[in-house]
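Please build the complete structure, drawing on both the sequences and the hints.
308 is the number that the working numbering gives to position 298 of the sequence shown; each next residue is one higher, with no gaps.
Hints are computed from structural coordinates only; laboratory data are not their basis.
Computed from a prediction, not measured in an experiment: that's the story for all the values here.
Using N, Cα and C, we set each Cβ at its ideal position, and we do this for glycine too.
Among the hints, a few may not be true.
Below, in silico cross-link-like pairs of lysine-lysine (DSSO-like), each with a Cα-Cα straight-line distance of 27 Å or less [said to hold, decoys possible]:
hint : residue 1 : residue 2
1    : LYS267    : LYS328
2    : LYS349    : LYS339
3    : LYS221    : LYS330
4    : LYS297    : LYS231
5    : LYS209    : LYS287
Distance windows between CB atoms, simulated [said to hold, decoys possible]:
hint : residue 1 : residue 2 : range
6    : ASP182    : GLU130    : 21 to 27 Å
7    : ALA196    : TYR259    : 25 to 31 Å
8    : LYS231    : TYR38     : 32 to 38 Å
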Amino acid sequence: MTDSLEETNIFPFEYYNVEFSTFSDRSYSSYRKYPDYIRYSYMDNTKINSKHAMKEYVNRIYESKTDRSMRYRINNEYRDLTHQFSDKLYTKFAIESSDDLKIKLNTQSETSFQDNISIEKAGIFIENLGQGEKTFINTDFMLANSNEDTNVIITEEPENHLSFLNMHKLIDRIIAAEDEKQTFIATHSNMIASRLDLKNAVFISELGVTKIDDLTVETAKFFSKAPGNNVLNFILSERALLVEGDAQYIFLNEFYKYIHNSEPYEDSVTIISCGGKTFKRYLELAKILNKKVAVITDNDHDFDTNILQNYSEYKSAKIKIYTEEDNQKNTFEVSLYEKNPNLY
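Below, the structure is given as structure tokens:
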């Protein structure tokens with residue numbers, strides 16, 4: 011393999027082998043079934059509008075309401091009725107017949123009835139419902155009706171197309187199901203990541219895989235209740251500027267562009283407005299993640315107490331707190347005004 015790497019830029023995948031294993035290090039193959047220890051339900055909300063996904067969802071609902079023997083009886087009666095209807099094409103509607111060719115409904119499948127059904131909600135077929143409604147009822151149904159033999163639930167981006175209110179409802183359903191099933195959720199949502207406990211989260215980015223199970227319970231609970239937090243953006247950022255309020259957020263973005271001649275995101279810098287009471291929660295995360303963070307805040311008329319003492323345990327080579335030392339310049343806006351008199 012070393013010779014191959016030296017002689018060409020083409021990656022020598024011939025020398026590698028991909029193997030999949032379970033959490034217990036048992037070999038796993040998608041061609042084999044493992045009913046003895048892997049039983050899972052999977053739903054990908056990014057594909058919720060595909061015909062295949064809709065059909066699978068309808069089938070799950072139908073099968074949850076009927077047992078196998080009932081489905082056999084339903085299908086048998088359905089074939090009898092469709093056979094009668096096929097005959098009416100020639101008796102009632104007088105379609106021209108041929109000795110060799112006849113038009114008939116196809117009922118050869120053992121699931122012919124199931125293949126032709128849909129679901130209505132409030133008089134509207136599910137295929138015609140909005141994307142958010144489809145996502146919510148599909149996820150909710152899967153969580154509530156997974157087979158009792160299922161021990162794992164896998165959900166891909168449940169936040170897709172959901173309103174803020176329905177997102178809350180969905181999170182409540184997921185939390186309620188956690189005691190019964192082991193649930194894996196892939197998400198890009200700050201709300202879902204934090205509301206379901208950051209200590210259980212695994213963060214994946216181009217920088218690698220990160221876990222923050224060392225986070226204190228109090229901080230994890232804070233983020234689970236904090237409205238509109240940007241914790242996922244912060245965790246996945248390379249460097250962050252934490253500011254206090256909308257004015258600082260707007261000004262810092264413009265100041266950065268003026269000084270560096272580029273947008274912050276172009277330099278992998280994330281600016282987050284999180285409020286003074288929230289800084290310590292983010293800084294606790296920064297210490298665990300060894301992340302480079304600058305805090306821009308107000309001294310609120312007491313630099314020694316509010317800044318030097320308040321943030322003493324967080325200051326490090328990678329965490330810096332910036333504010334005005336003059337207590338008379340108590341806020342960012344006052345300091346900006348006082349130091350730039352010629353601009354007004």
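A quick look at each hint next to the structure:
1. LYS267 / LYS328: holds, 22 Å
2. LYS349 / LYS339: Given that 27 Å is the threshold and the Cα spacing comes to 10 Å, the pair holds.
3. LYS221 / LYS330: holds, 24 Å
4. LYS297 / LYS231: holds, 18 Å
5. LYS209 / LYS287: Holds, at roughly 21 Å.
6. ASP182 / GLU130: 21 to 27 Å: holds, 25 Å
7. ALA196 / TYR259: 25 to 31 Å: 29 Å Cβ-Cβ, so the 25 to 31 Å window holds.
8. LYS231 / TYR38: 32 to 38 Å: Once the Cβ atoms are compared, 36 Å apart, the range 32 to 38 Å for TYR38 and LYS231 holds.
The structure shown violates none of the earlier numbered hints.
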